[in-house]
Amino acid sequence: MRPFALKCKVNGLDMEREIPSSRSLLDFIREDLGLKGTKEGCGEGECGACLVLLDGKAVNSCLMMAVQLHGKELVTIEGLKGKDGGLHPLQKTFMEEGAVQCGFCTPGLIVASEALLRRKPDATLEDIKQELTGNLCRCTGYEKVLSAVEKARDERNA
Amino acid sequence: MPEFIAKPASLKELWKQLPSLPASRRYLAGGTDLVTADNAGAETSECWVDIGDLPELNGVRETSSAVFIGSAVKVSELERSAPVRKWCPVLLAAVPHFASPSLRNMATLGGNAANASPCADGVCALVAEDACVSLALGGKRRRLPLKDLFSGPKRTALKKDELILGFEVPKRPHTGAYLKLGPRARFGISKAAVALAAELSGRRLTRAAVALGSVAPVPLYAARTSEWLAGRTLSAETAAAAASLVMSEVSPITDARSEAAYRREMCGVLLSRALESLAA
Chain A
2 MRPFALKCKV
12 NGLDMEREIP
22 SSRSLLDFIR
32 EDLGLKGTKE
42 GCGEGECGAC
52 LVLLDGKAVN
62 SCLMMAVQLH
72 GKELVTIEGL
82 KGKDGGLHPL
92 QKTFMEEGAV
102 QCGFCTPGLI
112 VASEALLRRK
122 PDATLEDIKQ
132 ELTGNLCRCT
142 GYEKVLSAVE
152 KARDERNA
Chain B
1049 MPEFIAKPAS
1059 LKELWKQLPS
1069 LPASRRYLAG
1079 GTDLVTADNA
1089 GAETSECWVD
1099 IGDLPELNGV
1109 RETSSAVFIG
1119 SAVKVSELER
1129 SAPVRKWCPV
1139 LLAAVPHFAS
1149 PSLRNMATLG
1159 GNAANASPCA
1169 DGVCALVAED
1179 ACVSLALGGK
1189 RRRLPLKDLF
1199 SGPKRTALKK
1209 DELILGFEVP
1219 KRPHTGAYLK
1229 LGPRARFGIS
1239 KAAVALAAEL
1249 SGRRLTRAAV
1259 ALGSVAPVPL
1269 YAARTSEWLA
1279 GRTLSAETAA
1289 AAASLVMSEV
1299 SPITDARSEA
1309 AYRREMCGVL
1319 LSRALESLAA
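So the sequence lines, in the order shown, correspond to chains A and B.
For the first sequence, the numbering used here gives the first residue as 2, with consecutive numbering after it.
For the second sequence, the numbering used here gives the first residue as 1049, with consecutive numbering after it.
Hints were generated in silico from the structure; no laboratory data involved.
Using N, Cα and C, we set each Cβ at its ideal position, and we do this for glycine too.
Possibly wrong hints are sitting among the right ones.
[Unchecked claim] Away from chain A, derived, C-beta distances all over 12 angstroms, residues of chain B:
1) Pro1131
2) Leu1151
3) Arg1189
[Stated by the list, open to error] Short, incomplete list of chain B residues facing chain A, as computed with Cβ under 8 angstroms:
4) Met1049
5) Ile1053
6) Lys1055
7) Asn1153
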């Protein structure tokens, strides 16, 4: 196994590290960096539990290699914070709206929603539904999730 | 997983590095197909060559006669590209049907073509757009109609190490539609898909191109239906006749996703809906 000299930015910090070429981005995040907020659900890109932001865009870290992070900026759920360094507005509205039950899908849903609101601050309910087509939740249903994203959008635009 | 991933910084560096890499090697673009195949044990190359960030394969350029879409352009970038919005209406219409938003941020059109699945939404749309594919192997370049790239399910005319540089869509004012039937409205693999490109003069079709997904061993260009449609006037009769013709051109199979007879029927339904959408 030949190592790869990875240079990237993770949650705002510059990083240089030798990694095995065969490392998936998800394993790099969870095992090498110890950032356990990003989850592995299906491992096939279907469920969205592993979503992270790569250069500001949501990607499925289970289907990427860590090598593909080279020269880019990664933000995981741990890197999403409010202005005061506390909870991110989406984390707050997810709690307020009861959009979390077991919580396994939550980091992915918040990452996908954040990507959408950055790109489209005035996203409609339909836009939100479309954006979350790749995120599966098996306990709460989706209504509360949609309310939470709409609430965060409204607060952001207020 | 591969023993080694090479990441050349340019095309020139790629051709220089290739001879020193293990013989068992494959290109890695977005990874959505390759990593999935690897996880399933179906991909066993010793070495992957990451071409996703090669500058020569990225970006959309416009020439006087064509729009060139780099093979490593992410599917989600297509929606934000002015030349694609202006000149590639079928491709643009296919984007929301392509996997999920996050997979569209990773997947590339080059990977969609190299993977050569008969259900590839991006490829089907590009075939209807009359795209040519531009290929390179070292200093050698060649160009062929995209519909001729495919020789069977997951099989292409690509030579070892031959690289897809991008796709050229001729700049011709046209309209189009992309209709897909899957298990749900979004984020599913199609049972059948129809891509239609059409040049219209009033209600008369001066030129038409029909391509279909998931209903043949390859992303299928429906030559007979396309030729028959040229010169016809949009009407319920035209739609019905085209539907029955296209049903005779496809060769669907029964598999986990659908049944052959249903798929064949749906090709007719989808094409006639696509034609109706032009008339509307």
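Each hint tested on the structure:
Every C-beta of chain A lies more than 12 angstroms from that of Pro1131/B, the closest at about 20 angstroms, which supports listing it as non-interface. With a minimum CB-CB distance of about 6 angstroms to chain A, Leu1151/B fails to clear the 12 angstroms threshold, and the non-interface call is violated. The beta carbon of Arg1189/B sits about 27 angstroms from the closest Cβ of chain A, which is more than 12 angstroms, so the claim that it is off the interface holds. A least Cβ separation of about 3 angstroms between Met1049/B and chain A falls short of the 8 angstroms threshold, and the interface hint therefore holds.
Given hint, Ile1053/B at the interface with chain A, holds; its Cβ is 4 angstroms from that chain's nearest Cβ, closer than 8 angstroms. Annotation: Lys1055/B was flagged as interfacial toward chain A, and the flag holds, the nearest CB pair being 6 angstroms apart, inside 8 angstroms. Of the supplied interface hints, the one on Asn1153/B holds, with its beta-carbon coming within about 4 angstroms of a beta-carbon of chain A, less than 8 angstroms.
Of the numbered hints stated above, the single one contradicted by the structure is hint 2.
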